[in-house]
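Asks: Sequence:
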Amino acid sequence: MSNNIKNNQLYIGGVSAQDLAKTYQTPLYVMDEDKIRSQCQLFPKYFKSQEIQTETIYASKAFLSLAMCQLIQSEGLSLDVVSGGELYTAFHAGFPMDKVYFHGNNKSIDELKLALTYQVGTIVIDHPDEVLTLIKLIPENQKVNVMLRINPGIEAHTHEYIQTTHNDSKFGISIYDDKTMLCIKEIQQSKSLVFKGFHSHIGSQIFEEQSFIEHAQTVLKYIHNVYEKTGIIVQEMNLGGGFGAHYTDEDKPFDLRSFLPELLKNIQQTSKNLKIKAPKVLIEPGRSIVAEAGYTLYTIGGTKKTTSGKQYVFVDGSMADHMRTALYQAKYDAVIANRMNEEATSTYTVAGKACESGDIIIKNIKLPNPNINDILVVKTTGAYHYSMSSNYNRLTRPAVVLVKNGQSKLIVQRETYQDLIRNDLKLEG
639 MSNNIKNNQL YIGGVSAQDL AKTYQTPLYV MDEDKIRSQC QLFPKYFKSQ
689 EIQTETIYAS KAFLSLAMCQ LIQSEGLSLD VVSGGELYTA FHAGFPMDKV
739 YFHGNNKSID ELKLALTYQV GTIVIDHPDE VLTLIKLIPE NQKVNVMLRI
789 NPGIEAHTHE YIQTTHNDSK FGISIYDDKT MLCIKEIQQS KSLVFKGFHS
839 HIGSQIFEEQ SFIEHAQTVL KYIHNVYEKT GIIVQEMNLG GGFGAHYTDE
889 DKPFDLRSFL PELLKNIQQT SKNLKIKAPK VLIEPGRSIV AEAGYTLYTI
939 GGTKKTTSGK QYVFVDGSMA DHMRTALYQA KYDAVIANRM NEEATSTYTV
989 AGKACESGDI IIKNIKLPNP NINDILVVKT TGAYHYSMSS NYNRLTRPAV
1039 VLVKNGQSKL IVQRETYQDL IRNDLKLEG
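The sequence shown begins at 639 in our numbering and counts up one residue at a time.
Among the hints, erroneous ones may be present.
[Stated by the list, open to error] Subject to a maximum C-alpha distance of 25 Å in a straight line, what follows is the list of computed BS3-like cross-link-like pairs (lysine-lysine):
| id | residue 1 | residue 2 |
| --- | --- | --- |
| 1 | Lys-829 | Lys-781 |
| 2 | Lys-660 | Lys-1017 |
| 3 | Lys-699 | Lys-1047 |
| 4 | Lys-890 | Lys-969 |
| 5 | Lys-1064 | Lys-1017 |
| 6 | Lys-1047 | Lys-660 |
| 7 | Lys-686 | Lys-910 |
| 8 | Lys-969 | Lys-918 |
[Claimed, not checked] So the derived label-pair ranges between C-beta atoms look like this:
| id | residue 1 | residue 2 | range |
| --- | --- | --- | --- |
| 9 | Leu-1058 | Ser-746 | 56 to 62 Å |
| 10 | Met-819 | Asp-893 | 35 to 41 Å |
| 11 | Gln-679 | Asn-642 | 19 to 25 Å |
| 12 | Gln-688 | Gln-1056 | 54 to 60 Å |
| 13 | Glu-824 | Glu-1053 | 42 to 48 Å |
| 14 | Gln-663 | Asp-748 | 24 to 30 Å |
| 15 | Glu-847 | Lys-943 | 43 to 49 Å |
Worth flagging that the hints you see were computed from the coordinates, not collected in a lab.
Virtual Cβ for every residue (Gly too), placed ideally from N, Cα, C.
Starting from the given sequences, assemble the full structure and let the hints guide the process.
Replies: In structure tokens:
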């Protein structure tokens, strides 16, 4: 595969992590192109059926740049965007707009106008108010494909911040609310909206296959219910994403190659039992495509042992480029890239340089005794790290590098101090 160890050094995509740090400086996001492409290719290969139409849509919030849009396009996947900024990025990358799905629970007027100008393939409506807003904005004689986001009430065992279908979720409208049926009728009766079906998503970082099965079955039963009550035939159902990735040995992702065909078989059988035609099935993997392909490289600046005996390793990054530990109490694994064959002897807490006590990258990890200027590599940082990065403490965002076959390519430049003050205005006088 793409990573190996030579002469005590970690190589990513055939490139030494130490060389990457020297060439591009740290902190640095590194993305393994072969891993990304391999995951992209997995879905069309295994998420297919002779009986059911399928479509794989990359959830771009996990990681998006112009180059990533081009990569996703070259692999034949569609694209899910959730903001005007993501939409703008896709458009300027030359991504085909008819393969873009625009989500969001509170799309602004300007964002909706941009989507209409770009002629986005499908807009996913979140609530009844958005139906009225969108109808007013659509130019005469223009029709727009829409899906309605529904909340099927499936509980997925994951962090509460990344669950999306509990009863009081901000996303979608409940299938158990009678008003939802009225919203469906309103969309169907509109002359400018083309109702394609339902979108739903039960959460992220899910390791239970049964949660996805129950999700699909619940939506299919609702599709049957809609037909019984309104005569409306739902053509498509988008089941979102949420497939778990491996961060530490505590994580046990299931095998998508065996699960995806089984999911489609179950959908086909459930549809048959309900005596409805199986709709086209769409999924939106994001994390499962890029998470394990990403690494963050840091330079160790020093260590400290407190009077209580706690040992810290200080790195040149922070919660500004690694938010998920502070936000979700997420756990990560890491290695010292220039000392791969040495035994991990002591337990350390990896801390960043931000002026926050909560600026922790990894709470407890065994490492070889760290030295100043060692390169620490944190694994599985391809999803939501660059996306969530900020300028807190006026820190600059890291560069992003794509590696493949011993070659590296800069795809996002490192921010400069000039970038930090670009939008600042001085007081007059």
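Asks: Next, verify each hint and record whether it holds.
Replies: Status of each hint after checking the structure:
Using a Cα cut-off of 25 Å, the hinted pair Lys-829 and Lys-781 holds, with the two alpha carbons roughly 8 Å apart. With a CA separation close to 19 Å, the supplied pair Lys-660 and Lys-1017 stays within the 25 Å bound. With a CA separation close to 22 Å, the supplied pair Lys-699 and Lys-1047 stays within the 25 Å bound. Taken as a hint, the Lys-890 and Lys-969 pair is honoured in the structure, with Cα atoms around 13 Å apart against an allowance of 25 Å.
Proposed proximity of Lys-1064 and Lys-1017 is contradicted: the alpha carbons are some 41 Å apart, above 25 Å. For a cut-off of 25 Å, the pair hint linking Lys-1047 to Lys-660 stands: about 14 Å separates their Cα positions. For a cut-off of 25 Å, the pair hint linking Lys-686 to Lys-910 stands: about 18 Å separates their Cα positions. A threshold of 25 Å between alpha carbons decides the hint, and for Lys-969 with Lys-918 the separation of about 36 Å lies outside it, so the pair is violated.
About 26 Å separates the C-beta atoms of Leu-1058 and Ser-746, a value inconsistent with the hinted range of 56 to 62 Å. The beta-carbon spacing between Met-819 and Asp-893, approximately 38 Å, falls within the hinted interval of 35 to 41 Å. A hinted range of 19 to 25 Å holds for the C-beta pair Gln-679 and Asn-642, which are about 22 Å apart. Under the hint 54 to 60 Å, the C-beta atoms of Gln-688 and Gln-1056, about 56 Å apart, fit the expected range.
Taking the beta carbon of each, Glu-824 and Glu-1053 are about 45 Å apart, inside 42 to 48 Å as hinted. In this structure the hint that Gln-663 and Asp-748 lie 24 to 30 Å apart at CB is violated, the actual value being about 36 Å. Distance hint check: the CB atoms of Glu-847 and Lys-943 are about 44 Å apart, consistent with the given range 43 to 49 Å.
Checked against the numbered hints above, the structure breaks hints 5, 8, 9, 14 and satisfies the rest.
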